[in-house]
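**Student:** With the hints as extra help, turn the sequences into a complete structure.
Number of protein chains: 2
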Amino acid sequence: MTSLNDTHNPKLTSWVPSANEIGSDFPIQNLPMGVFRNAGSNGEYRGGVAIGNQILDVGKAFDAGQLKGDAAAACKQSTLNTLMGLGRGHWVSLRDQLSRLLRSGGNEKEGRTCLVDMAGAEMTVPARIGDFTDFYSSINHATNVGRMFRPENPLLPNYKYVPIAYHGRSSSIRVSGTPTKRPTGQLKGPDAETPNFDACRRLDYETELGVFVGPGNVLGYPIPLEEAEDHVFGLCILNDWSARDIQTWEYQPLGPFMAKNFSSTISPWIVTLEALAPYRSAIFKRPKGDPAPLPYLHTKSHEGSGGLDINIEVAVLTDKMRKNGDLPHVIGAPNFKGMYWSVFQMLAHHSSNGCNLNPGDLFGSGTVSGTTPDTYGSILEACKGGKQTISFPGDEERTFLEDGDEVVMRAWCDGDGKARIGFGECRSVIVSAA
Amino acid sequence: MTSLNDTHNPKLTSWVPSANEIGSDFPIQNLPMGVFRNAGSNGEYRGGVAIGNQILDVGKAFDAGQLKGDAAAACKQSTLNTLMGLGRGHWVSLRDQLSRLLRSGGNEKEGRTCLVDMAGAEMTVPARIGDFTDFYSSINHATNVGRMFRPENPLLPNYKYVPIAYHGRSSSIRVSGTPTKRPTGQLKGPDAETPNFDACRRLDYETELGVFVGPGNVLGYPIPLEEAEDHVFGLCILNDWSARDIQTWEYQPLGPFMAKNFSSTISPWIVTLEALAPYRSAIFKRPKGDPAPLPYLHTKSHEGSGGLDINIEVAVLTDKMRKNGDLPHVIGAPNFKGMYWSVFQMLAHHSSNGCNLNPGDLFGSGTVSGTTPDTYGSILEACKGGKQTISFPGDEERTFLEDGDEVVMRAWCDGDGKARIGFGECRSVIVSAA
Numbered sequence: 127m128t129s130l131n132d133t134h135n136p137k138l139t140s141w142v143p144s145a146n147e148i149g150s151d152f153p154i155q156n157l158p159m160g161v162f163r164n165a166g167s168n169g170e171y172r173g174g175v176a177i178g179n180q181i182l183d184v185g186k187a188f189d190a191g192q193l194k195g196d197a198a199a200a201c202k203q204s205t206l207n208t209l210m211g212l213g214r215g216h217w218v219s220l221r222d223q224l225s226r227l228l229r230s231g232g233n234e235k236e237g238r239t240c241l242v243d244m245a246g247a248e249m250t251v252p253a254r255i256g257d258f259t260d261f262y263s264s265i266n267h268a269t270n271v272g273r274m275f276r277p278e279n280p281l282l283p284n285y286k287y288v289p290i291a292y293h294g295r296s297s298s299i300r301v302s303g304t305p306t307k308r309p310t311g312q313l314k315g316p317d318a319e320t321p322n323f324d325a326c327r328r329l330d331y332e333t334e335l336g337v338f339v340g341p342g343n344v345l346g347y348p349i350p351l352e353e354a355e356d357h358v359f360g361l362c363i364l365n366d367w368s369a370r371d372i373q374t375w376e377y378q379p380l381g382p383f384m385a386k387n388f389s390s391t392i393s394p395w396i397v398t399l400e401a402l403a404p405y406r407s408a409i410f411k412r413p414k415g416d417p418a419p420l421p422y423l424h425t426k427s428h429e430g431s432g433g434l435d436i437n438i439e440v441a442v443l444t445d446k447m448r449k450n451g452d453l454p455h456v457i458g459a460p461n462f463k464g465m466y467w468s469v470f471q472m473l474a475h476h477s478s479n480g481c482n483l484n485p486g487d488l489f490g491s492g493t494v495s496g497t498t499p500d501t502y503g504s505i506l507e508a509c510k511g512g513k514q515t516i517s518f519p520g521d522e523e524r525t526f527l528e529d530g531d532e533v534v535m536r537a538w539c540d541g542d543g544k545a546r547i548g549f550g551e552c553r554s555v556i557v558s559a560a
Numbered sequence: 127m128t129s130l131n132d133t134h135n136p137k138l139t140s141w142v143p144s145a146n147e148i149g150s151d152f153p154i155q156n157l158p159m160g161v162f163r164n165a166g167s168n169g170e171y172r173g174g175v176a177i178g179n180q181i182l183d184v185g186k187a188f189d190a191g192q193l194k195g196d197a198a199a200a201c202k203q204s205t206l207n208t209l210m211g212l213g214r215g216h217w218v219s220l221r222d223q224l225s226r227l228l229r230s231g232g233n234e235k236e237g238r239t240c241l242v243d244m245a246g247a248e249m250t251v252p253a254r255i256g257d258f259t260d261f262y263s264s265i266n267h268a269t270n271v272g273r274m275f276r277p278e279n280p281l282l283p284n285y286k287y288v289p290i291a292y293h294g295r296s297s298s299i300r301v302s303g304t305p306t307k308r309p310t311g312q313l314k315g316p317d318a319e320t321p322n323f324d325a326c327r328r329l330d331y332e333t334e335l336g337v338f339v340g341p342g343n344v345l346g347y348p349i350p351l352e353e354a355e356d357h358v359f360g361l362c363i364l365n366d367w368s369a370r371d372i373q374t375w376e377y378q379p380l381g382p383f384m385a386k387n388f389s390s391t392i393s394p395w396i397v398t399l400e401a402l403a404p405y406r407s408a409i410f411k412r413p414k415g416d417p418a419p420l421p422y423l424h425t426k427s428h429e430g431s432g433g434l435d436i437n438i439e440v441a442v443l444t445d446k447m448r449k450n451g452d453l454p455h456v457i458g459a460p461n462f463k464g465m466y467w468s469v470f471q472m473l474a475h476h477s478s479n480g481c482n483l484n485p486g487d488l489f490g491s492g493t494v495s496g497t498t499p500d501t502y503g504s505i506l507e508a509c510k511g512g513k514q515t516i517s518f519p520g521d522e523e524r525t526f527l528e529d530g531d532e533v534v535m536r537a538w539c540d541g542d543g544k545a546r547i548g549f550g551e552c553r554s555v556i557v558s559a560a
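Which chain is which? The protein sequence lines are A and B, in order. This note's numbering puts the first residue of the first sequence at 127, with every later residue one more than the last. This note's numbering puts the first residue of the second sequence at 127, with every later residue one more than the last.
A hint or two may mislead.
Same chains, same label: a pair holds when it works inside one copy or across any pair of copies.
[Stated by the list, open to error] Derived lysine-lysine pairs resembling DSS-like cross-links, with alpha carbons at most 27 Å apart:
1. K314 with K286
2. K411 with K314
3. K202 with K414
4. K314 with K414
5. K314 with K426
6. K235 with K463
7. K510 with K235
8. K544 with K202
9. K411 with K426
10. K137 with K414
Bear in mind the hints are in silico, worked out from the structure with no lab data behind them.
**Tutor:** In structure tokens form, the structure reads like this:
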């Protein structure tokens with residue numbers, strides 16, 4: 127387990143004042159990594175670290191001699207793949223240096239020359255994502271959705287043994303702020319004789335966390351669970367957009383395809399596993415009667431600390447609400463601790479047949495849903511498959527999403543006198559189909 | 127449709143004698159593209175074209191002034207992605223120049239300086255494959271396999287409307303000649319109470335063609351069927367290895383995952399769509415009663431020429447046969463003309479929701495199977511799901527594949543006085559699990 131050190135001390139403050147504000151996502155204890163450039167510059171993207179409302183240009187600080195080592199140098203590149211491949215020793219060294227540079231009493235004079243205002247920066251997808259895999263690790267989500275398709279048998283027999291997943295599309299992953307175009311596709315109503323080709327009418331979000339892989343493995347050589355955390359670089363927020371009507375018609379027998387690959391949106395900042403160390407928790411406690419995980423998915427140490435206590439929230443801002451100056455309306459607020467499978471089990475399982483993972487690969491956790499309606503991570507669940515409307519401020523109602531709706535996801539860790547660790551936002555507005 | 131020109135003339139010969147031998151896969155009319163380096167050199171990979179038993183180093187010929195243009199220059203790179211992104215105009219120009227350089231009467235003296243003996247070359251995966259998608263376009267395969275799972279209802283209602291596909295894993299695609307390690311994973315027999323983790327016992331091949339995408343599209347902007355062929359660079363052979371026991375237990379509800387992502391093997395040479403022009407055919411004629419494809423998957427011109435008349439053959443060479451000096455034993459020999467969905471329909475469908483394709487993306491066609499046992503493209507079909515053994519020379523029998531078995535796939539076009547266009551081989555030997 128990544129150990130706590132002085133970079134996690136909740137009493138630390140930064141000479142960047144906005145980092146010390148209550149509720150800031152990016153205090154000195156966080157130091158998430160992303161890729162940015164000056165907005166509208168058409169310049170090269172490069173690696174940066176978020177501190178309050180500022181970004182430290184890591185490569186620039188390296189060139190100025192304020193940071194040393196391969197990890198800092200790797201941030202001069204336009205993706206973080208090289209950094210991700212270096213491994214935990216390098217990441218920890220960079221984090222230590224960043225903490226010392228940016229904390230109160232650090233070299234503010236020199237550090238300031240490498241700051242860029244976040245408001246004047248443009249973020250992008252932080253890695254060249256070779257492969258994207260989407261898991262299905264919330265048993266509540268699997269049960270809620272399964273119930274709509276198979277009322278008597280909501281959860282399939284493999285669920286409690288296999289961290290279920292499917293391969294996703296990496297080309298259509300976009301960073302927060304990119305609009306999402308409503309997809310077109312084959313739709314077939316339950317009573318229709320034949321399908322027709324039209325704009326999706328049951329557009330949904332899926333509230334997930336994304337996991338960026340660090341060092342990979344050689345094809346044919348699985349990563350054991352004991353070593354899984356050395357292969358996890360960090361986490362972001364992921365909106366796995368879903369076209370439910372396309373999905374219903376296409377998904378058998380090979381799984382969702384066109385219902386998913388039109389767009390996925392991720393938050394720009396990757397919160398490192400190191401930053402999350404204070405929020406490690408025991409894994410989800412399986413209810414009596416559930417089978418134990420097979421040995422390759424179980425260790426005592428993982429049982430004690432494989433979980434992550436992360437709050438998640440998904441909200442929607444409609445066109446009308448935007449005009450009225452309303453805030454996004456929260457629909458669901460689950461916690462990641464309730465996931466049936468941990469990110470480390472996902473990684474160990476994914477490589478258990480010999481499949482090779484590469485630095486920059488992305489996993490989606492699957493929709494994070496709790497047990498009550500206010501913790502559901504998809505609209506499909508919140509509106510009971512379209513049978514129940516959701517009320518919005520300003521007398522609006524929704525089942526599925528409409529054009530102009532903006533989906534806003536947030537995630538953060540807090541509590542127990544620890545420093546708040548925020549993920550920032552993952553947002554995207556729906557624009558009409560072609 | 128790519129038009130026939132003098133590069134297709136069956137009377138053309140090459141000054142490379144092996145290209146003119148009867149049965150050569152790589153005559154002057156073919157000119158498939160691949161990526162190679164001198165074996166054991168640890169040098170840079172670069173683009174080449176196969177001619178008989180030789181490879182023309184295209185970048186070297188460009189540097190020597192024997193070839194001109196961006197397409198030839200792009201072959202100096204270690205992947206063909208740039209070449210693939212340039213588009214048909216560039217490809218045709220390169221093909222014309224290559225044909226003129228390599229044909230009898232061409233500049234043999236200069237050309238010879240750019241030849242590398244195929245026997246002394248090492249091939250690799252010819253593109254950085256951003257995303258790999260596997261289709262399911264043989265209705266015979268879908269029916270044969272569906273019958274094992276759902277005897278009364280083998281074909282699902284969506285099959286005749288939707289070119290069914292799922293996303294695959296790009297990281298584990300390897301070139302012909304790379305051994306394939308038997309995967310481990312969760313297996314659960316039909317009568318077992320719980321699964322166990324063990325080496326796969328029902329290892330299978332799937333005989334497919336692979337399609338390399340040329341220029342892509344912008345996210346949100348589908349490629350209409352009329353334009354699909356401008357986005358197809360060429361085809362190769364693909365063995366989509368499948369662990370049937372892992373698949374049976376894991377595949378519901380999200381499709382195959384660990385049953386597939388441990389390895390896929392492709393042949394090294396990409397036969398361009400231009401080379402295949404003489405073998406374009408009408409698409410598969412749907413039987414009476416089948417629905418017509420939806421309008422976005424149908425044009426008159428596509429109906430007349432969307433098919434490809436390609437012979438495929440899959441054979442197995444066991445350890446014992448190898449010691450006896452036997453040739454690989456052919457198990458199935460289907461033709462690609464019988465596919466229910468064409469490669470152009472696959473491409474148009476894939477982008478029809480706005481999903482963006484990129485140069486170098488790879489599609490698998492899905493297992494190519496005919497209607498009779500001697501045309502089945504998987505062992506699962508050939509051995510009736512394990513119920514029937516397959517006899518091999520030397521008194522061996524098989525249901526599924528054993529360690530030491532080598533799977534050898536071949537594909538070629540011939541007939542009607544046209545020049546033979548070969549794909550070479552896709553082969554890989556199974557090595558035991560860790």
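**Student:** Confirm or reject each hint.
**Tutor:** Hints and how they fare:
In this homomeric assembly, K314 and K286 come within 27 Å of each other (Cα to Cα) only across copies, at 13 Å, whereas the closest approach inside a single copy is 32 Å. Taking the closest pair of Cα atoms, K411 and K314 come within 27 Å of each other only across two copies (25 Å); inside a single copy the shortest separation is 40 Å, beyond that limit. Taking the shortest Cα distances, K202 and K414 never come within 27 Å of each other, neither inside one copy (51 Å) nor across copies (62 Å). For a Cα distance limit of 27 Å, the shortest separation of K314 from K414 across copies, 22 Å, qualifies, whereas the shortest one inside one copy, 41 Å, does not.
Only between protomers do K314 and K426 lie at most 27 Å apart by alpha-carbon distance; the minimum there is 25 Å, versus 48 Å within a single protomer. When the C-alpha separation of K235 and K463 is checked against a cutoff of 27 Å, the pair qualifies neither within a copy, at 41 Å, nor between copies, at 71 Å. When the C-alpha separation of K510 and K235 is checked against a cutoff of 27 Å, the pair qualifies neither within a copy, at 56 Å, nor between copies, at 74 Å. For the identical chains of this complex, K544 and K202 are neighbours neither inside a copy (32 Å) nor across copies (55 Å), given an alpha-carbon limit of 27 Å.
Taking the shortest Cα distances, K411 and K426 sit within 27 Å of each other inside one copy (13 Å), while across copies they are farther apart (60 Å). Within a single copy, K137 and K414 get their C-alpha atoms no closer than 41 Å, and across copies no closer than 76 Å, so neither meets the 27 Å cut-off.
In this structure, the earlier hints numbered 3, 6, 7, 8, 10 are contradicted, and the remaining ones agree with it.
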